[in-house]
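Please build the complete structure, drawing on both the sequences and the hints.
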Amino acid sequence: MDVPLYLEPRLESRLASLLRARTFLHTLAGGLGSPLNVVLPDRIAENLAAFRAVYRRHHLSGGIFFAHKANRSSALVRRLAATEAAVDVASLGELQHALGSGFVPDRIMATGPKNPEFLWLAARSGTTVNIDSPAELGQLAALVRDYGLPRLRILLRLSGFCAPGVRLLTRQSRFGTAEAELDGLLKSVERHRDAVELTGVGYHLDTTSPAEKAVALEGCVKALDTCRARGFTPRAVDIGGGFGTDYLADGAQWQRYTTELTNAALGTRPPMTWRRHTYGLRNENGTLRGALALYPAHRPTAGAQYLDTLLSLPAPSLGRPLATLLLENLYELHTEPGRALVDQCGVTLARVLEVRRTEATDRTEATDHTEPSDRREATDDRPEPSDRTDNADRAGTAGRTGPGHLLVRLDANADDIGLEEHGVLVDPVLVPRTAPGGAPDTGPVTCYLAGNLCLEADMITRRAVHLPSAPRPGDLLAFANTAGYCMDFSADEAQQQPVARKVAVWQDGPADDTGREDASWHWCLDEQYWPHVNRRTKGSA
Amino acid sequence: MRFERITDAIGNTPLVRIDPSVHGLRTIDLYAKLEMLNPFGSVKDRAAWNMVRPGLSAAADEDRTVIELSSGNTAKALAVLAGMHGVPFKTVTNRMRIPEIKDLLLLLGAEVEELPGQTECLDPTNTDDPLTAFHQTLTEPGSAYLYTDQYYNDRNTQAHVEGTGPEIVKDLDGRAPDWFIACVGTAGSSTGVARVLREHDPRVEVVGLVSHKADFVPGIRTIDEVQEVGLFDPGTYGTIASVTADEAIDGMLTLARRCGILAGPTSGAAYFGAVRHLRELDDGPAPGPDSDPDRPAGRRTAVFIVCDRIESYLGYVRQRRPELLGRPPQPNSVATVSDAEVRGAPDIGVEDARRWIEHDRPLVVDLRSPFAYTALHIAGSVNIVDELFGELVRGGLPFSKSRPVLLACPVGEQSAKYAALLARMGHPDVRSLRGGIIAWRDAGAPLVRE
Ligand SMILES: Cc1ncc(COP(=O)(O)O)c(C=O)c1O
Chain A
1 MDVPLYLEPR LESRLASLLR ARTFLHTLAG GLGSPLNVVL PDRIAENLAA
51 FRAVYRRHHL SGGIFFAHKA NRSSALVRRL AATEAAVDVA SLGELQHALG
101 SGFVPDRIMA TGPKNPEFLW LAARSGTTVN IDSPAELGQL AALVRDYGLP
151 RLRILLRLSG FCAPGVRLLT RQSRFGTAEA ELDGLLKSVE RHRDAVELTG
201 VGYHLDTTSP AEKAVALEGC VKALDTCRAR GFTPRAVDIG GGFGTDYLAD
251 GAQWQRYTTE LTNAALGTRP PMTWRRHTYG LRNENGTLRG ALALYPAHRP
301 TAGAQYLDTL LSLPAPSLGR PLATLLLENL YELHTEPGRA LVDQCGVTLA
351 RVLEVRRTEA TDRTEATDHT EPSDRREATD DRPEPSDRTD NADRAGTAGR
401 TGPGHLLVRL DANADDIGLE EHGVLVDPVL VPRTAPGGAP DTGPVTCYLA
451 GNLCLEADMI TRRAVHLPSA PRPGDLLAFA NTAGYCMDFS ADEAQQQPVA
501 RKVAVWQDGP ADDTGREDAS WHWCLDEQYW PHVNRRTKGS A
Chain B
1 MRFERITDAI GNTPLVRIDP SVHGLRTIDL YAKLEMLNPF GSVKDRAAWN
51 MVRPGLSAAA DEDRTVIELS SGNTAKALAV LAGMHGVPFK TVTNRMRIPE
101 IKDLLLLLGA EVEELPGQTE CLDPTNTDDP LTAFHQTLTE PGSAYLYTDQ
151 YYNDRNTQAH VEGTGPEIVK DLDGRAPDWF IACVGTAGSS TGVARVLREH
201 DPRVEVVGLV SHKADFVPGI RTIDEVQEVG LFDPGTYGTI ASVTADEAID
251 GMLTLARRCG ILAGPTSGAA YFGAVRHLRE LDDGPAPGPD SDPDRPAGRR
301 TAVFIVCDRI ESYLGYVRQR RPELLGRPPQ PNSVATVSDA EVRGAPDIGV
351 EDARRWIEHD RPLVVDLRSP FAYTALHIAG SVNIVDELFG ELVRGGLPFS
401 KSRPVLLACP VGEQSAKYAA LLARMGHPDV RSLRGGIIAW RDAGAPLVRE
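Line by line, the protein sequences give chains A and B. Counting from 1, position 455 in the first sequence corresponds to residue 455 in UniProt numbering; the numbering is continuous, with no gaps. Counting from 1, position 399 in the second sequence corresponds to residue 399 in UniProt numbering; the numbering is continuous, with no gaps.
Don't read these hints as lab results, they were simulated from the structure. Just to be clear, a hint being listed does not mean it is correct.
[Said to hold, decoys possible] Computed cross-link-like contacts, DMTMM-like style, restricted to lysine to aspartate or glutamate with a CA-CA straight-line distance of at most 25 Å:
#1 Lys69/A - Glu421/A
#2 Lys213/B - Glu284/A
#3 Lys213/B - Asp250/A
#4 Lys213/B - Glu8/A
#5 Lys222/A - Glu387/B
Below, the structure is given as structure tokens:
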């Protein structure tokens, strides 16, 4: 019998402790409904400290700007405001939120392409502006002059860097100004010297490849030298975000899983997905084509460690380690981690509404283990002990009638749980309604997770998910590590289903080590969270 | 042996027996097919020449560029072959992971282009693999390329059907071996040789080796990646097994140190995979009634391919097994300076340093790179980048003891180490600039750009 194709989530101490707090989670979801987003503000401060430690190791100074776009939570942003972090905002709303959460303009940077309202508030408040295009620079300078505003600090976002020798191709970006056009851009900065002060240049590349980023980072150091030669006194290189997150506990599971996906695309094993979706792979005469359109969920080098690796790489033409290059040129380093800074900072809970066996109409996954189950059609959430024999019988019947799988309908939709949308494959954790031992242990099952919309496409996973035991109506599925882009990035009120509420949770004291009893959890609504307020006065369960 | 052209030296490589005391197999004779002895250094010389030969003169006449998707040996052979015929060569790779090969290709006159890495944010509209995108640009009308297409080109396989395979049979006195073991990259060599051997004896067992999925062995693919190869047919192999980078290096060491075969990690992987596979079968049954009467009773034969040479892979080894290249620390190296020595290193703060420079004119040595030094430095200082300075002091003090020395680096860390070292070497008045050039700048002291 094959081991089920699990993709177990990586859970570090805080998140693991939270998911063990079964009663607490059920109380929260019971009171606030499903889906429910839970954020852990203390963890973001720990992640920040890990980034800062890498700076320290390389003797570098400079800002760590949280890329706000990764999550809308107030608790996370307010918690960061109480640290030394800075914040990267990419819209008017995010800027307002950062200001309202306690970030002073000194600690805010506006990035990305900007509309007039966003530019205005940035200019008026004295927020540093990361200039995306020459036109934007013109607009900004006009605002400063027309309204007699103080001189504004700017950085220039560059793109299209070239390396010597071997040509490193980089995906074309819609953002920033080509490095080759730096000269023209500097001419405009010179023209607008009364309105803006050039403090640095930077890039953000949408790639996992440190080699490409090394080319860009060195390109920025050279660009800064050009700026210096022209009489500017810039101090910083901003290397953007994209440090990544490791979502999985076990790299071997990921390797086994992706091999099986390849085999499924080639037709050498039964499909593993709803309607034979292949995540971008295809079979052309027995040869695999296409690209696996998935986030590399297993990333041994992610987050602060990725930054460390990048800074240790040699500069492609100057040869010095990138950190040394920055340091000896007396530059600061700015980073804009989004996903990496909210690693382990959140979980999305969804209630199980219905569990049923689907008909094996298509050629679906062969289940090579006994598939127990629960064929009760509707939301009978009161399993009786006598179900045990009943289930066994049914499993036997199912076994004879051919392979099938469970369809688990959740009270949440695909936009609430953005993992699939963002290509992150990771299993949810079952948080049973009844205490362990209270329900029969079904053994491993294979299931599809469907959403609460009246829409065939509303699948929370397009793949068959393997769980160590069958969910029952009333149980919760906890989707771990959703705080980076997978929580509220695209949640809406389709079909007037409620958008998930968000709560902040915390424990007294540091995260518990395994073996020690977990400290109890406290909570409040996300918008009620302020880092300084005596947390004991807020809810606990 | 006299040849008119270097290309005539491609092929006819030796088949060398591995001493049984090395591999320890009792009933199996293991032979290495030394493809590393091809003139440009690898098994790919055959395929490259066979693929590019028909189109080369036309490409020269029509000013076309030879192009291939290769990060290693095929690119190397094609670069040479194209260069010899006055045709430009360009290779596009999916991350060239062996820096020496990259430099070698540039040296040979190739143009090298590396494809971008995976996106960090999933773009669901972007599902085309680099290969497909590559094929599209090459099939555009009026393409200025001669594309050798090694992953799909039957002439790749054919080179081994006509060369490598028959050579093995000939050297085994007209018999096919019982096992043939090869690493799978384009699948050209394993497919071609397997075809020939099977025609001789359908019982030959073919073992294909791939890289362990989480690992990287140069030139070969992982079990998933081979599926992207047009020439790859799983039916070619009786067994497909994976080898880790560590195992490949172990195999490479055995070949180099014990067999005198100075081959790269892919060959090490083939040797390792061969012995691992054969060890299980070593006590195999005595030959059956239909066995070949010419064979010594009970003895069987296996052949594996030695793909390329060891020289390019020092960096690969250094990264994975630095202890294999370990050198004892040298006496006057900064690595020998203890933490206590660094703490006790003579240093001087910015204000005092400025006065000292004014009065005693110490030699100010800036240890940063020339790029940084040129941009901004202390007036009158000299620039000796730390790596170079380290080399210099290894041979003794590089300046007179009568001249005071002020060492400066970005934050005062490197300079403290060197100050401690120079003091230990007997320099009476060397000091490290405390807090480095950064402290100097932050104190508002002048820095110049000349
Ligand atoms: C300019 C900029 N900075 C930072 C980020 C954050 O990237 P990540 O969440 O991968 O760290 C993004 C993401 O799109 C971005 O566009």
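We went through each hint and held it up to the structure:
1. Lys69/A - Glu421/A: At roughly 16 Å apart (the allowed maximum being 25 Å), Glu421/A and Lys69/A satisfy the hint.
2. Lys213/B - Glu284/A: holds (23 Å)
3. Lys213/B - Asp250/A: Holds - the C-alpha atoms of Asp250/A and Lys213/B are around 14 Å apart, at most 25 Å.
4. Lys213/B - Glu8/A: holds (19 Å)
5. Lys222/A - Glu387/B: Since the Cα atoms of Lys222/A and Glu387/B sit roughly 21 Å apart, the hinted pair holds (cutoff 25 Å).
The earlier numbered hints are all upheld by this structure, with none contradicted.
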